[in-house]
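Chains A and B, in that order, give the protein sequences. If you use the working numbering, the first sequence closes out at 345, no skipped numbers anywhere. If you use the working numbering, the second sequence closes out at 492, no skipped numbers anywhere.
Simulated from the structure, these hints should not be mistaken for laboratory data. Just so it is clear, CB atoms sit at the ideal spot from N, CA and C, and this is done for glycine as well. Fair warning: there could be bad hints in the mix.
Dumping the calculated BS3-like pairs for lysine-lysine here, alpha-carbon to alpha-carbon at most 30 Å [claimed, not checked]:
#	chain 1	residue 1	chain 2	residue 2
1	B	Lys434	B	Lys449
2	B	Lys414	B	Lys434
3	B	Lys480	B	Lys414
4	B	Lys449	B	Lys284
5	B	Lys434	A	Lys337
6	B	Lys414	A	Lys337
7	B	Lys434	B	Lys360
8	A	Lys336	B	Lys414
9	B	Lys284	B	Lys360
10	A	Lys343	B	Lys414
11	B	Lys360	B	Lys414
12	B	Lys480	B	Lys434
13	B	Lys449	B	Lys414
14	B	Lys480	B	Lys449
15	A	Lys336	B	Lys449
Part of the chain B face toward chain A, derived, beta carbon under 8 Å [to be verified]:
#	residue
16	Arg329
17	Ala341
18	Val343
19	Ala482
Chain by chain, the residues run as shown.
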Amino acid sequence: MLAIQILIVAFVVFALSRTVVRFREGSLTAAWLVLWSAVWVAVAVAAILPQTTSWFARLVGVGRGVDAVIYLSIIFLFYLVFRIFLRLQRLDHDITLIVRELGLRKKAGEAGKEK
Amino acid sequence: MRLAVVVPAYNEEKTVGEVVRSLRPAADLVLVVDDGSSDRTAGVAVAAGGDVYSHLINRGLGAALGTGIAAAVARDADIIVTFDADGQHKVEDIPRLIEPIRLGAADVAIGCRVADRSRMPFSRRLANWIGNALTCVLFGIWVKDSQSGLRAFSRRAAEELDIKTDRMEVSSEIIQEIKRHGWRLAEVPIRPVYTEYSLSKGQSFFVGLKTAGRLLFNRLFR
């Protein structure tokens with residue numbers, strides 16, 4: 231095996247273990263566990279058997295296996311970034327709700343003291 | 271009818287005092303929302319006789335309006351006006367602004383800056399036009415001045431108003447809310463005061479770009 235293949239497989243083993251640990255401690259839902267595990271396994275398969283990427287590339291009509299992997303990765307990354315962005319929007323709004331509540335309560339407290 | 275004026279303020283210590291003092295005789299409640307200012311905005315507003323609500327950290331115009339309107343509703347206001355803290359708005363415009371709501375002919379009133387061409391700087395006119403166009407494309411109504419900060423709400427509209435955006439895109443979100451709830455809108459002409467100071471506030475081109483981006487994103491994906 232080439233060095234890069236060994237490195238990638240080693241990384242996948244590490245990533246898989248982290249994924250399982252995160253799932254056990256509750257940071258990941260079962261759905262994400264399945265998704266990410268599938269991703270890591272696919273990465274390992276692609277590393278050990280590069281022919282699979284060529285096969286996949288031919289399947290979807292792209293020139294080289296590596297190209298197909300890159301296209302997929304970019305699409306996946308876009309999607310992840312999109313999800314993160316949505317999450318941040320949600321968090322932003324939640325923070326505002328908290329800050330508002332604090333502001334309203336502080337005022338109510340001051341008004342109470344004056345009376 | 272109990273009139274509340276909500277003044278969102280972020281680092282406006284130079285002008286908020288005068289704004290509050292001019293509003294006191296004209297309204298039953300003057301509610302200043304200090305949006306996490308790092309200067310003495312809150313202190314100045316209190317000294318001028320305003321009712322100040324404070325945000326611990328800066329959340330943006332939308333967030334400040336949300337807090338102010340919620341407070342006004344909680345304090346039994348019948349008509350709620352939003353008013354800028356930088357001196358751009360004139361207290362004298364308020365009676366004309368709320369008249370349609372007082373009479374029950376409208377649920378929301380927006381003060382539209384019909385400029386004499388010479389007074390409003392071209393860049394500001396262009397920015398306003400772009401804001402209006404974007405609002406129209408996204409939400410389906412053409413408002414003469416969608417970005418105007420001088421607005422009035424009936425109590426019912428204020429209670430139903432659900433502001434989800436935090437920053438300056440709130441102006442367009444309010445238009446969307448008008449459409450969504452089917453509120454009757456009155457567009458009342460006003461003359462803004464453009465001092466060097468108030469011109470330096472408002473949206474710079476870059477900020478406007480970011481606001482437009484957020485608007486687009488919210489409309490498409492939320």
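Going down the list of hints, with the structure as the test:
1. A threshold of 30 Å between alpha carbons decides the hint, and for B:Lys434 with B:Lys449 the separation of about 15 Å falls inside it, so the pair holds.
2. A threshold of 30 Å between alpha carbons decides the hint, and for B:Lys414 with B:Lys434 the separation of about 23 Å falls inside it, so the pair holds.
3. A C-alpha spacing of about 22 Å is found between B:Lys480 and B:Lys414, which places the hinted pair at or below 30 Å, so the restraint holds.
4. Proximity of B:Lys449 to B:Lys284 is assessed by CA-CA distance (about 36 Å); at most 30 Å being required, the pair is judged violated.
5. About 23 Å separates the Cα atoms of B:Lys434 and A:Lys337, which keeps this hinted pair within 30 Å; it holds.
6. The straight-line distance between the Cα atoms of B:Lys414 and A:Lys337 is roughly 36 Å, outside the 30 Å bound, and the hint therefore fails.
7. This hinted pair checks out: B:Lys434 and B:Lys360 have alpha carbons roughly 28 Å apart, not beyond 30 Å.
8. At most 30 Å may separate the alpha-carbon atoms for a hinted pair to count; A:Lys336 and B:Lys414 exceed this at roughly 38 Å.
9. A hinted pair counts as satisfied when its Cα atoms are at most 30 Å apart, and B:Lys284 with B:Lys360 qualifies at roughly 16 Å.
10. Proximity of A:Lys343 to B:Lys414 is assessed by CA-CA distance (about 45 Å); at most 30 Å being required, the pair is judged violated.
11. Only pairs whose Cα atoms come within 30 Å are accepted, and B:Lys360 paired with B:Lys414 is accepted, the gap being roughly 19 Å.
12. At most 30 Å may separate the alpha-carbon atoms for a hinted pair to count; B:Lys480 and B:Lys434 meet this at roughly 17 Å.
13. Straight-line distance between C-alpha atoms of B:Lys449 and B:Lys414 comes to about 15 Å, which keeps the hinted pair within the 30 Å bound.
14. Only pairs whose Cα atoms come within 30 Å are accepted, and B:Lys480 paired with B:Lys449 is accepted, the gap being roughly 23 Å.
15. For the hint pairing A:Lys336 with B:Lys449, the CA-to-CA distance comes to about 34 Å; that exceeds 30 Å, so the pair is violated.
16. At its closest, the beta carbon of B:Arg329 sits 5 Å from a beta carbon of chain A; the interface hint therefore holds under the 8 Å criterion.
17. Satisfaction of the interface hint for B:Ala341 is found here, the shortest Cβ-Cβ separation to chain A being roughly 6 Å, below the 8 Å cut-off.
18. At about 11 Å, the closest approach between the beta carbon of B:Val343 and any beta carbon in chain A exceeds 8 Å, and the interface hint on this residue is violated.
19. Nearest Cβ of chain A to the Cβ of B:Ala482: about 16 Å, over the 8 Å cut. The hint is violated.
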